[in-house]
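Using the sequences and the hints given, assemble the complete structure.
2 protein chains.
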Amino acid sequence: MKYIKTYIQENKNRFIDELIDLLKIPSISADPKYKMDVLNCADSVASSLASAGAENIEICKTKGYPIVYADKIIDDTLPTVLVYGHYDVQPADPLELWDSGPFEPIIKKTKIHPEGAIFARGACDDKGQFFMHVKAFELMMDNNTLPCNIKFMIEGEEEVGSENLGEFVVANKEKLKCDTILISDTGIISNNTPSITTGLKGLSYIEVEVTGPNRDLHSGLYGGAVANPINILCEMIASMKDEKNHISIPGFYNNVIELSSQEREEIARAPFSLNEYKEALDLSDIHGEQGFTTMERTGIRPTLDVNGIWGGYTGEGAKTVIPSKAFAKISMRLVPNQSDEEITNLFTKYFTNIAPKSVKVKVTPHHGGEPYVSPTDIISYKAASDAMLTTFGKTPVPVKAGGSIPIVALFEQELNVKSILLGFGLDSDAIHSPNEHYGIFNYLKGIETIPHFFLNFTKMFNSK
Amino acid sequence: MKYIKTYIQENKNRFIDELIDLLKIPSISADPKYKMDVLNCADSVASSLASAGAENIEICKTKGYPIVYADKIIDDTLPTVLVYGHYDVQPADPLELWDSGPFEPIIKKTKIHPEGAIFARGACDDKGQFFMHVKAFELMMDNNTLPCNIKFMIEGEEEVGSENLGEFVVANKEKLKCDTILISDTGIISNNTPSITTGLKGLSYIEVEVTGPNRDLHSGLYGGAVANPINILCEMIASMKDEKNHISIPGFYNNVIELSSQEREEIARAPFSLNEYKEALDLSDIHGEQGFTTMERTGIRPTLDVNGIWGGYTGEGAKTVIPSKAFAKISMRLVPNQSDEEITNLFTKYFTNIAPKSVKVKVTPHHGGEPYVSPTDIISYKAASDAMLTTFGKTPVPVKAGGSIPIVALFEQELNVKSILLGFGLDSDAIHSPNEHYGIFNYLKGIETIPHFFLNFTKMFNSK
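If you're matching them up, the sequences are chains U and L in order. The numbering of the first sequence is the working numbering, which starts it at 3 and goes up by one. The numbering of the second sequence is the working numbering, which starts it at 3 and goes up by one.
Each hint should be verified, as a subset may be incorrect.
It does not matter which identical chain is used: a pair holds within one copy or between any two.
As the list claims (entries may be wrong) - In silico lysine to aspartate or glutamate, EDC-like type, Cα no more than 16 Å apart, as pairs:
1) K37 - E318
2) K351 - E209
3) K14 - E117
4) K110 - E165
5) K74 - D144
6) K359 - E291
7) K359 - E211
Just so you know, these hints were derived from the structure itself, not from any lab. On a predicted model such as this, the values are computed, not experimentally measured, just so you know.
As structure tokens, this is what we get:
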């Protein structure tokens, strides 16, 4: 299988250039002003699949942004792998914290990426990662070594909750029929320690609005006598957690499964340095739920974070105002057995209950997703694990991660098939943050590992 | 003294037009991008004083915006009144809540102002109010009835804490020498119930910054394991008050003088309808320190309000980020005997102490001012009270107000003279808010009342 390495060696500059072109498109799905860019990005994805040798290419309309579908069916008796990814990206702000333009990709060397990394919004999440599959597919097509059928479903609304993908999946079960789903939208522990994500958190994302007086007021004339919606919102947010940093919403933990000591020991076995963690983030101390380690807090415990807050005067200087309204975006990451709908309801009920009579509150759920657990005793996991063993020289560690890919639970429910989370990013890649980047090493290692997965999976599937 | 009413009647349209021209200048001192407008406004004020008959007009440079000085000294043996006001205005945002442009003044009738009100930023605070003095001065000059000496000091930094006025006053004690200071930057209870402000709160205004991780993080990968600066800031703000809405900063109330039951009874005597108050602000309930009435909360109790808060993602849609930083602007209104410097120190110490080790905090004091009490047994108060009795037909009620004019305490300290707060605004004028306005009735009533003050004061001063 020397051809894999050879092909990558001969084509790597082009692979990088093509990804850079894709990264120049500001396909921000959350912001309507980038609508044309998101649509152009879908076209670009379709073209790249066509060039790589895919057939039945379709830019499938939805109520929102389109889903790019393509396939290559070589033999109905062979297994089928469905590759899922997304071409939309997170908003780029705060822009002032980027060292270079978020949509002007550049390659820079870093301590973690001595071979260089591509800096751009979406470099890792998820353009760089889904594009590995396009290039791995091209490699197999050009070398005439594609061992099974392949389908692509690359969507444009992952960063806004995949609102229209569910309907598409339900309406296209036959078209999407497959034996496993392969997704690269997660990470590995480090470039020396490969890992495969076996658990994903669910998500409940909520926007709240607190209204005090019906207009902005002078804080001298009214201060102390009317509810200041910012103070009240802060008090309500503070009431979301107790002094042990447990979440205070009644019923929040009802369905959370306590892990066995054996499972906790397994988590503790993954390589992790608290000092390095604190140093990388410039933290004097970590902060989280009492009674759990950092790995447990991110991996297996549900969490609540305010993702944005605003209200009153935020310009330069001083303005003595009591604003009429204050706002926050609050999200909760959920663990297996918690339901995003139930948690959203519990949050709404609690938030409404704790509001004093002196304010009005409005709660708007943004989007949610169920948690997901990927088993390690199925052939698709084994195929992925062996592929990484071949390309990294080490068996990957199974890891439960805090991230959410809400649609994965739906795939299982509707298509009755498990997903394998074979991602190649690093925690330090700054996804969703300024200066997002993706290592050249990781990009090429992904393109190298994916064909091995296809070969392993087909072989194991056929010998079932 | 019929000439006062006659002159106003004959000139009122011009008085209104001239004020409208002044209101068109966006003299926002807090925002550097309006620098040229603030400077142009100073020129305009100087011109209007010259036209009215003032002499020794000077646009006095400071480290910030200039102070406009002018005077008319008719006889060294007569008393001198110093008129203070400010030509700068508050920022106009949120712009989307204005029904017309903040710097495109228009006259509209309202329920409270059946004769019409001028809608514009600064209409009441303080352009409309200091300009009454310019027009009243013109009236007295044109009718040759100015009974004493007059000095004007109109500054351009009141809305940003009068940072350079203190130095100017100290350096110009001889120039500013006077027997009383007259200020119109406060209000009356209603157009049927005149009042004179006899107490002003002090102010401590602080900006805080809370830093968690050194960069924005993905809330799935890091949520629950690192301090989210927004959650922490909310918890810290919530810790500023206890469940009785007392301020929790240790030592905060140390110097607050408890009012006697007689004084509290006097406050309760001022006309006030809680139902009307709630209805006007569309509030289901009021909110404030336990054990005190609304009038006491605004008039005689120190308060703490968050005037602005921001952090994380505040755009459309959802972004799952843990921001690196969160910010708030927090102000405290102080009552007699509290010192803004001491309170600022107590706040800073407390805020730093309650911060968990997992975050860094930065506290930046913006500006402060001492509280002020105006006695009612001095001739300048009597002169003002009698003037209102003449023009309103009712003796004004002395009222302690929550607003702050920080420089008033400094005038007393440096110039050894009391200030009279003869304002004509209404609480409903929405100063510092969208749709600020000033009643035509109030504007003209002010111009009418001021000459009576001058006449009364001169007479009482001479017969001392």
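Hint check results:
1. Taking CA atoms no more than 16 Å apart as the test, K37 paired with E318 passes between copies only; the shortest distance there is 13 Å, against 32 Å inside one copy.
2. Taking CA atoms no more than 16 Å apart as the test, K351 paired with E209 passes inside one copy only; the shortest distance there is 14 Å, against 33 Å between copies.
3. For the identical chains of this complex, K14 and E117 are intra-copy neighbours only, at 13 Å inside a copy versus 78 Å across copies, given an alpha-carbon limit of 16 Å.
4. In the homo-oligomer, the alpha carbons of K110 and E165 never lie at most 16 Å apart, since the shortest distance is 35 Å inside one protomer and 47 Å across protomers.
5. Proximity of K74 and D144 under a CA criterion of 16 Å is satisfied intra-copy only: 13 Å inside one chain copy versus 94 Å between copies.
6. With identical chains, the CA atoms of K359 and E291 are at most 16 Å apart between copies only, with a shortest distance of 15 Å across copies and 31 Å within one.
7. In this homomeric assembly, K359 and E211 come within 16 Å of each other (Cα to Cα) only inside a single copy, at 15 Å, whereas the closest approach across copies is 30 Å.
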